[in-house]
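Listed below, chain by chain, are the residues.
Protein chains: 2
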Amino acid sequence: MTATALQRTLTRELAHFEGQTVKLQGFLHARRDLGGVQFLVLRDVSGIAQCVGSGLELPLSESSVEVVGSVKAHPKAPGGYEVQVQSFRIISAATAPTPVEIPKMDWHVNPETMLDYRVVSVRGLKERAALKVQAELVAAFRDHLMTEGFTEISTPKIVSAGAEGGANLFPIDYFGQPAYLAQSPQLYKQIMVGVFERVFEVAPVYRAEEHATSRHLNEYLSLDVEMGFIEDEEDVMALENRLLAAIMTRLRERCETEFSLLGASIPDVPAHIPRITLLDARQLVGEKYGHPVGGKDLDPEAERLLCQHYAETEGSDFVFVTKYPRAARPFYAHPDEGDLTRGFDLLFRGIEITSGGQRIHDHAMLMESIAAYKLNPETLTGYTEVFKYGMPPHGGFAIGAERLTAKLLGISNVRYARAFPRDRHRLTP
Amino acid sequence: MTATALQRTLTRELAHFEGQTVKLQGFLHARRDLGGVQFLVLRDVSGIAQCVGSGLELPLSESSVEVVGSVKAHPKAPGGYEVQVQSFRIISAATAPTPVEIPKMDWHVNPETMLDYRVVSVRGLKERAALKVQAELVAAFRDHLMTEGFTEISTPKIVSAGAEGGANLFPIDYFGQPAYLAQSPQLYKQIMVGVFERVFEVAPVYRAEEHATSRHLNEYLSLDVEMGFIEDEEDVMALENRLLAAIMTRLRERCETEFSLLGASIPDVPAHIPRITLLDARQLVGEKYGHPVGGKDLDPEAERLLCQHYAETEGSDFVFVTKYPRAARPFYAHPDEGDLTRGFDLLFRGIEITSGGQRIHDHAMLMESIAAYKLNPETLTGYTEVFKYGMPPHGGFAIGAERLTAKLLGISNVRYARAFPRDRHRLTP
Chain A
1 MTATALQRTL TRELAHFEGQ TVKLQGFLHA RRDLGGVQFL VLRDVSGIAQ CVGSGLELPL
61 SESSVEVVGS VKAHPKAPGG YEVQVQSFRI ISAATAPTPV EIPKMDWHVN PETMLDYRVV
121 SVRGLKERAA LKVQAELVAA FRDHLMTEGF TEISTPKIVS AGAEGGANLF PIDYFGQPAY
181 LAQSPQLYKQ IMVGVFERVF EVAPVYRAEE HATSRHLNEY LSLDVEMGFI EDEEDVMALE
241 NRLLAAIMTR LRERCETEFS LLGASIPDVP AHIPRITLLD ARQLVGEKYG HPVGGKDLDP
301 EAERLLCQHY AETEGSDFVF VTKYPRAARP FYAHPDEGDL TRGFDLLFRG IEITSGGQRI
361 HDHAMLMESI AAYKLNPETL TGYTEVFKYG MPPHGGFAIG AERLTAKLLG ISNVRYARAF
421 PRDRHRLTP
Chain B
1 MTATALQRTL TRELAHFEGQ TVKLQGFLHA RRDLGGVQFL VLRDVSGIAQ CVGSGLELPL
61 SESSVEVVGS VKAHPKAPGG YEVQVQSFRI ISAATAPTPV EIPKMDWHVN PETMLDYRVV
121 SVRGLKERAA LKVQAELVAA FRDHLMTEGF TEISTPKIVS AGAEGGANLF PIDYFGQPAY
181 LAQSPQLYKQ IMVGVFERVF EVAPVYRAEE HATSRHLNEY LSLDVEMGFI EDEEDVMALE
241 NRLLAAIMTR LRERCETEFS LLGASIPDVP AHIPRITLLD ARQLVGEKYG HPVGGKDLDP
301 EAERLLCQHY AETEGSDFVF VTKYPRAARP FYAHPDEGDL TRGFDLLFRG IEITSGGQRI
361 HDHAMLMESI AAYKLNPETL TGYTEVFKYG MPPHGGFAIG AERLTAKLLG ISNVRYARAF
421 PRDRHRLTP
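First to last, the sequence lines map onto chains A and B.
With our numbering, letter number 285 in the first sequence gets 285, and the count goes up by one each step, no holes.
With our numbering, letter number 402 in the second sequence gets 402, and the count goes up by one each step, no holes.
The set of hints was computed from the structure by calculation and includes no laboratory data.
Any given hint could be a false lead.
Any copy will do: because identical chains look the same in the list, a pair fits if it lies in one copy or spans two.
SDA-like mimics (lysine to any residue), calculated; alpha carbons at most 25 Å apart, straight line [said to hold, decoys possible]:
1. LYS374 x THR95
2. LYS126 x GLU385
3. LYS23 x GLN38
4. LYS296 x THR277
5. LYS296 x PRO330
6. LYS388 x GLN20
As the structure is a computational prediction, the values presented were derived from the model and not from experiment.
Turn these sequences into a full structure, and let the hints guide you.
Here it is, written out as structure tokens:
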């Protein structure tokens, strides 16, 4: 059989071709020369394969190459098989050594350098594993919501005003008019509840936050959900519970290799994620862990301790913190008893991954809330207009895709869960 | 059975409940009072249902309501069944009459008014049908590509420079640094071919074009594809051919109602979409239709005539126009013989819906092309860097989701195929 007539085989399929001749294509991930015997590692979309040959004119690492050879079992090779090279072809030669050594990279080494050279460092096995997991996570998010009758929407990212006031907005020059990058599709997804009842959107959102922390991005992928005709926020939390279970099921089916590569485990999602009110949560971390509680929200340490408590006592990596006070929520949060709202957060392994809740759907209640928040209703007419037209009770939530990905995989900095992150100082590549 | 114990039924399911009592929830789409007999039309996500009652205190149109009643066959009612109201409940009352009459709207009436009041006009049956078709189209796009081994990516929309020079960019103030909204994920999807070999992205892109035509949007949803290890642009066209077939199959399965409502038909996708080179296409419209040909591309009338030709002679609503000259393509288009490139357009029912082609993957060839285009290589280092690292032969294309949706449904203005369009003068809602 000639090489040209051979179909391409993926590296992960080698076990099915023992003793046969295969054609591999991919990138020259690594190369070694041991006294005339050449070991090359070929990387394709499915994994890596060790190939052995001699007398080959090997190009620089990261060149695109084609190997034709026979498959032999070899216990020490990745995947248990290696390819004995019969012919070798350079498809596209690299013309410079890579600025970072792709096979030797580690997230804990020189993170800024790795981001500077992201156009090629993103090819690293761990780097791409994170992005692959995110792609599957997002696909599971969509697929599950569609099975529950949700419709996907696409809403503007160029807006005339912020959904929650004017802070942290990136200004745009829109044909000479002032405009901003959307911080959230909040208003638009609510409007679309009037159209499709249940909607979701997967799209970038923008936060012009000056701080550079390991858990914030200035541009991130927001997984947004909004659901009409609900009873209260319990319906929304139950939906998110089912959704997370579906996501983890898909990751278990499709991303075992990636989790294994990163030494991470896929969490079990309880059939009923535990709930605790914010007030009780603050009391718990105060009494059990002696962590001082104050302010209107949980601080990062309190989030961590609360998750520790639920991991230890209920074996759950997730906990809903419910009934946030109005002071900690935007004006459109649906009020509950006293000064509380029907807003909730979802914590996962020590960090908040979702903010959600029931929203105000009644126009009069909304106008009262705007007054109570001492906001100017005239600046909010773009938001309030739709509530004159019979909006049903509704609620929703948003998940930051990168933050969830990073936390799932134990990646310490959320920037590595985005292909080309934007931060305070980083606008390229 | 009490109303509260009843599960909600969707309007499209009424046929399964003849003679039974059902609970419907939705919006009061329309109401009429004929001598004490009240007809109300309830709209939910699945369609509309006629309900008949008397003595009901009906709220304003668009209120969220609940109807409990018995299902009777009725040939004149939408769907062939009506509900005889036993109890009626207002879930959320509209507090103002709608500024446009939702059931009577038509795209040919007052388009600007309809867009001004988009927060509620988008609830119209035809309006939402277009957005529903688009959601299914996008889902089919993703699902098909995943079956062919493509991975979804998310790339920055805040960029430091335009992919194709500095024209038509919206400027952003990025922490005091100049930045722009991305016109295309072109560079990023090419970089990601080095990671996943085959990638796609569904995300907004931005064109600061001053003109306001019926076929342009300043923000639109771009369906982007890039594919590595190809032979030439034929592989890319063959992929798009299969992809379009998959999209139309899904629309046929899921959107029959929407196409019927809009009086539109779902096209057959030929197993092999006809191809014609640009030069031959210009000659053809010149000779067959007497349409003067000039310039470097086809003008809108030439596109229309070429599609007419293929519809008449081959029964195809699609045609690939291939081998565009370099003058009509960006510097990264892969050269072909003479001054031609391996770039193509796909025309559908008279309009271009895709631009695509093979890209240059060889660094030296890219630098030559930049020189030939008289561009400054120093301003393009952000683009050219990755081509030092063994990029395989690759190509791809982009489909404008709104334009394809509009053309499929016979919608005359692309703005109605977007929930909240942005144009030269429109920044709200």
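Structure-based check of all given hints:
no. : hint            : verdict
1   : LYS374 x THR95  : between (62 Å within a copy, 23 Å between copies)
2   : LYS126 x GLU385 : between (47 Å within a copy, 22 Å between copies)
3   : LYS23 x GLN38   : within (18 Å within a copy, 73 Å between copies)
4   : LYS296 x THR277 : within (13 Å within a copy, 66 Å between copies)
5   : LYS296 x PRO330 : within (13 Å within a copy, 54 Å between copies)
6   : LYS388 x GLN20  : neither (70 Å within a copy, 34 Å between copies)
Hint 6 alone, counting from the list given before, is not met by this structure.
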